[in-house]
Amino acid sequence: MRGDLAGRAVYLLIEDAGRELDSRILIAQHLLERGAEVWIGQQLWFVRNFTALRPGVALFKGTNIAQVANMRAARLAGHRTASIDEELFGLIGTSGKRMHDPRAGRHCDLFLAQGAAQHEFLRDSLGIPADSIRITGNPRADLLRAPATAPIDRAAEEIRGRMGPFVLINTNISGINPHDQDTYNYYRRCIALNAIDPDNPESVESFHQLCAFETENLRAIAAFIAAFRAAAPDRKLVIRPHPAEDPNSWRNAHGGDPGIEVVEDKRHLAWIRAADALVHTSCTTGLESALLGTRTIGLVPDPGNPYSRRYISNLVSEIHQDPARAARALADGGSAPAPNLTAIGNLIHIDPDEMAAAKTAGALAGLSITISGETRTGRPEAGFRSFTPSGRQRDQMTVPEATLRGRLRELGSAIGLAEPVNCEAIQQDVFRLRPDSPRVP
Amino acid sequence: MTGAVRPDWHSLAVAAAKRGDHGRAFQLLRRAILFDPGNGRATCDGFTMAERTGSPDAARLAAWSIHTHPVFLGGWRYRLDHPGRTAAREERQSVLKRVCVLSPGRGSDLAAAGQALAGLADHSAAAKILGWASTLLRRDVVTLFALAQSRFHARDAAGGLSALDRAKACGLQPEQDLFWRARLLMAASRHADADRVLIVAESLGGDIAERCRILGHTARPSDFRAVPPNE
Chain A
1 MRGDLAGRAV YLLIEDAGRE LDSRILIAQH LLERGAEVWI GQQLWFVRNF TALRPGVALF
61 KGTNIAQVAN MRAARLAGHR TASIDEELFG LIGTSGKRMH DPRAGRHCDL FLAQGAAQHE
121 FLRDSLGIPA DSIRITGNPR ADLLRAPATA PIDRAAEEIR GRMGPFVLIN TNISGINPHD
181 QDTYNYYRRC IALNAIDPDN PESVESFHQL CAFETENLRA IAAFIAAFRA AAPDRKLVIR
241 PHPAEDPNSW RNAHGGDPGI EVVEDKRHLA WIRAADALVH TSCTTGLESA LLGTRTIGLV
301 PDPGNPYSRR YISNLVSEIH QDPARAARAL ADGGSAPAPN LTAIGNLIHI DPDEMAAAKT
361 AGALAGLSIT ISGETRTGRP EAGFRSFTPS GRQRDQMTVP EATLRGRLRE LGSAIGLAEP
421 VNCEAIQQDV FRLRPDSPRV P
Chain B
1001 MTGAVRPDWH SLAVAAAKRG DHGRAFQLLR RAILFDPGNG RATCDGFTMA ERTGSPDAAR
1061 LAAWSIHTHP VFLGGWRYRL DHPGRTAARE ERQSVLKRVC VLSPGRGSDL AAAGQALAGL
1121 ADHSAAAKIL GWASTLLRRD VVTLFALAQS RFHARDAAGG LSALDRAKAC GLQPEQDLFW
1181 RARLLMAASR HADADRVLIV AESLGGDIAE RCRILGHTAR PSDFRAVPPN E
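Protein sequence lines correspond, in order, to chains A and B. First residue of the first sequence: 1, per our numbering; consecutive thereafter. First residue of the second sequence: 1001, per our numbering; consecutive thereafter.
In case anyone wonders, no lab produced these hints; they're calculated from the structure. Among the clues, some could well be false.
Said to hold, decoys possible - 20 Å max Cα-Cα, derived SDA-like pairs, lysine to any residue:
{"id": "1", "chain 1": "B", "residue 1": "K1018", "chain 2": "A", "residue 2": "G383"}
{"id": "2", "chain 1": "B", "residue 1": "K1097", "chain 2": "B", "residue 2": "G1107"}
{"id": "3", "chain 1": "B", "residue 1": "K1097", "chain 2": "A", "residue 2": "P389"}
{"id": "4", "chain 1": "A", "residue 1": "K266", "chain 2": "A", "residue 2": "R385"}
{"id": "5", "chain 1": "B", "residue 1": "K1128", "chain 2": "B", "residue 2": "D1165"}
{"id": "6", "chain 1": "A", "residue 1": "K266", "chain 2": "A", "residue 2": "A52"}
{"id": "7", "chain 1": "A", "residue 1": "K266", "chain 2": "A", "residue 2": "E410"}
{"id": "8", "chain 1": "A", "residue 1": "K236", "chain 2": "A", "residue 2": "A226"}
{"id": "9", "chain 1": "B", "residue 1": "K1018", "chain 2": "B", "residue 2": "R1030"}
{"id": "10", "chain 1": "A", "residue 1": "K236", "chain 2": "B", "residue 2": "R1225"}
{"id": "11", "chain 1": "A", "residue 1": "K236", "chain 2": "A", "residue 2": "E157"}
{"id": "12", "chain 1": "B", "residue 1": "K1018", "chain 2": "A", "residue 2": "K266"}
{"id": "13", "chain 1": "B", "residue 1": "K1097", "chain 2": "A", "residue 2": "E410"}
{"id": "14", "chain 1": "B", "residue 1": "K1128", "chain 2": "A", "residue 2": "G391"}
{"id": "15", "chain 1": "A", "residue 1": "K236", "chain 2": "B", "residue 2": "P1228"}
{"id": "16", "chain 1": "B", "residue 1": "K1018", "chain 2": "A", "residue 2": "S390"}
{"id": "17", "chain 1": "B", "residue 1": "K1128", "chain 2": "A", "residue 2": "E157"}
{"id": "18", "chain 1": "B", "residue 1": "K1097", "chain 2": "A", "residue 2": "T388"}
{"id": "19", "chain 1": "B", "residue 1": "K1128", "chain 2": "B", "residue 2": "R1166"}
As the list claims (entries may be wrong) - Using C-beta positions, here's what the derived DEER-type ranges look like:
{"id": "20", "chain 1": "B", "residue 1": "K1018", "chain 2": "A", "residue 2": "R394", "range": "28 to 38 Å"}
{"id": "21", "chain 1": "B", "residue 1": "R1196", "chain 2": "A", "residue 2": "D199", "range": "29 to 39 Å"}
{"id": "22", "chain 1": "A", "residue 1": "D131", "chain 2": "B", "residue 2": "R1024", "range": "48 to 58 Å"}
{"id": "23", "chain 1": "A", "residue 1": "N340", "chain 2": "B", "residue 2": "P1221", "range": "50 to 60 Å"}
{"id": "24", "chain 1": "B", "residue 1": "L1136", "chain 2": "A", "residue 2": "E205", "range": "42 to 52 Å"}
{"id": "25", "chain 1": "A", "residue 1": "R394", "chain 2": "B", "residue 2": "R1024", "range": "31 to 41 Å"}
{"id": "26", "chain 1": "A", "residue 1": "R72", "chain 2": "B", "residue 2": "P1221", "range": "36 to 46 Å"}
{"id": "27", "chain 1": "B", "residue 1": "R1213", "chain 2": "A", "residue 2": "G406", "range": "46 to 56 Å"}
{"id": "28", "chain 1": "A", "residue 1": "P400", "chain 2": "B", "residue 2": "D1193", "range": "51 to 61 Å"}
{"id": "29", "chain 1": "A", "residue 1": "S203", "chain 2": "B", "residue 2": "A1015", "range": "49 to 59 Å"}
All residues carry an ideal CB built from backbone N, CA and C; glycine is no exception.
Sequences are here, hints too, so could you generate the full structure?
Right, here's the structure in full:
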């Protein structure tokens, strides 16, 4: 396949660099290997500039109402569109239909499914034709398996050298401890994203259930912290709040305890790898931890809450309903039980012989060849409109050029695709990558 | 005797810009605005041309046209009324702020611009401008209530409570007062007071009770700590 995408453009749009950058770099490496020109960066810059970019394939991070509106803009400008649902990575269910705009089938040319269960949902519940769906797995899972873990290992070594041994608590209560002050603001954001229908009592009740679930989880974490500090006062705890949470709530509560540190470092995989164990409350990072081989403890204080049954992490973690027992189990030592990965085969497709990033690049390549050569070369790629991110957008998606170059080099070297890449900064957080030398098919 | 017909400087400027002659467009637009300050389209187009071209002449035009002189007020108002389908958020913000600078004595302009900025989630600017508006429209409940909300979003809870008190004194509906009072008290870390307000608001039933129930889910500082177990 080397060189078969020469002269073609693929646009990899990123919403949250902490979540998506490395997986997009893996996809980019495979596309560059095939000769494609890859643009990568702030999704909203692309939305403003689709008409100035020559027609190519644009990869979006999901099919919610905002993403589908952006897809429509891309399609109107002559691009082909594909989506990979990044919200779904750690979920057993499929977020329900509300997270998927009903117009997705009209504006998205290709759906990349992370497993057979999602394929079935897209086909049967959303009515997407089977030939518009490919099961590729999710490249985020590639990052948790050798050989791509080498950069994580190096970063973990640095963290462990600095921190010493520690137990990591990843919290995810951004509904009741949101970065923007209160739960009512979070509720308004959910409505804006079509995740909640305020006119539907069932939908609103589900929101209340989510808040009750998070409240129970917060109690469990607080109780775990108190119990663990009592059982193992010499061991360090690191709390890493979800990026959408207000970290100051944790700092204010535990800032005076020398045995507890609150960190906001975005390298969440490296922190998991560096930890003796990860404690979570139905969080996707529990899945990532299990795949990375770190001991993973899930606190599930209310197994009856429907939200407790939504997360893949609870299928692969050591589950405790009682936080004090979890604290004792951890304080007493013991090794990590091997995660039960067969339980999740239907949810996340993991092919031991081919990376999800390679499969994704292959699927995007198949879409790319439907763009005619004449169209591909017909646009000047000039006069780009600038995009100024808001504070929150900047927090989510800031990628200095040096960081991108470093990640390209590190990940490329880890997976054996380390050929030189011509990296050009187009605007802040937007880059054009080209193979350094032309690929010959 | 009839006077000479004045050229349509604006049309000539547009034609020059289309030819790519931005220097000439700059001169013509300048004349269009100076000879006819009421022609909002000229300022408006000047701004657009300046923004969408990268030439040095266009940069000069931009520097000139963004000057906040009252002669441009018509242009900025025109821009507000005709934002265009592609007007970006930051462009609208910028125009709104200019209107405020150019129209410091008109409370209605300031209040409208402040509320529009709040709608664009530029809460710091909105709070500042609504603050100016509220000094001119001292008993306007809509402006005072909008000011309280903007200050909440701009993380000035104490200022928000003060604006809410003024709005209440001017006749703000009790339901609105209670809900926002609870939010502002929480934001000011006065959780016990907020909880008392929430109880009153929830007892009113209806939409306000539902909104307060949602707000009440917000975690309190004491929730983040637990008492160590006795073993």
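Outcome of the hint check:
A distance of roughly 15 Å separates the Cα atoms of K1018 of chain B and G383 of chain A; the hinted pair therefore holds under the 20 Å criterion. Simply put, K1097 of chain B and G1107 of chain B have alpha-carbon atoms about 14 Å apart, close enough for the 20 Å limit, and the pair holds. Taking the CA atoms of K1097 of chain B and P389 of chain A, the gap is near 18 Å; set against the 20 Å cutoff, the hint holds. With a C-alpha separation of about 29 Å, the suggested pair K266 of chain A and R385 of chain A falls outside the 20 Å cut-off, and the hint is violated.
With a CA separation close to 18 Å, the supplied pair K1128 of chain B and D1165 of chain B stays within the 20 Å bound. For the suggested pair K266 of chain A and A52 of chain A, the alpha carbons sit about 32 Å apart, so the restraint of at most 20 Å is broken. Between K266 of chain A and E410 of chain A the alpha-carbon distance is near 17 Å, which keeps this suggested pair within the 20 Å criterion. Between the alpha carbons of K236 of chain A and A226 of chain A the distance comes to roughly 13 Å, so the proposed pair stays at or under 20 Å and holds.
About 17 Å separates the Cα atoms of K1018 of chain B and R1030 of chain B, which keeps this hinted pair within 20 Å; it holds. Distance hint between K236 of chain A and R1225 of chain B is fulfilled; the C-alpha atoms sit about 17 Å from each other, no more than 20 Å. With a CA separation close to 17 Å, the supplied pair K236 of chain A and E157 of chain A stays within the 20 Å bound. Annotation: proposed proximity of K1018 of chain B to K266 of chain A is violated, straight-line Cα distance about 47 Å (limit 20 Å).
Taking the CA atoms of K1097 of chain B and E410 of chain A, the gap is about 45 Å. The hint is violated against a cut of 20 Å. Taking the CA atoms of K1128 of chain B and G391 of chain A, the gap is about 18 Å. The hint holds against a cut of 20 Å. Under the criterion of a C-alpha separation no larger than 20 Å, the hint pairing K236 of chain A with P1228 of chain B is consistent with the structure, at around 16 Å. Distance hint between K1018 of chain B and S390 of chain A is unfulfilled; the C-alpha atoms sit about 33 Å from each other, more than 20 Å.
Restraint check for K1128 of chain B and E157 of chain A: not satisfied, since their Cα atoms lie roughly 48 Å apart, outside the 20 Å limit. A threshold of 20 Å between alpha carbons decides the hint, and for K1097 of chain B with T388 of chain A the separation of about 17 Å falls inside it, so the pair holds. Proximity of K1128 of chain B to R1166 of chain B is assessed by CA-CA distance (about 17 Å); at most 20 Å being required, the pair is judged to hold. Checking the proposed 28 to 38 Å range against K1018 of chain B and R394 of chain A shows it holds: the Cβ atoms sit about 36 Å from each other.
In this structure the hint that R1196 of chain B and D199 of chain A lie 29 to 39 Å apart at CB holds, the actual value being about 30 Å. A C-beta distance of roughly 56 Å is found between D131 of chain A and R1024 of chain B, which places it inside the suggested range of 48 to 58 Å. At about 38 Å, the beta-carbon gap between N340 of chain A and P1221 of chain B misses the expected band of 50 to 60 Å. Between L1136 of chain B and E205 of chain A the Cβ separation comes to about 45 Å, which falls inside the hinted range of 42 to 52 Å.
Our hint of 31 to 41 Å for R394 of chain A and R1024 of chain B holds, since their Cβ atoms are close to 39 Å apart. In this structure the supplied range 36 to 46 Å holds for R72 of chain A paired with P1221 of chain B, their Cβ-Cβ distance being about 44 Å. Separation of R1213 of chain B from G406 of chain A is about 48 Å and conforms to the stated range, judged on CB atoms against 46 to 56 Å. Taking 51 to 61 Å as the suggested C-beta distance range, the pair P400 of chain A and D1193 of chain B does not conform, at roughly 44 Å.
For S203 of chain A paired with A1015 of chain B, a C-beta distance near 55 Å keeps the hint of 49 to 59 Å intact.
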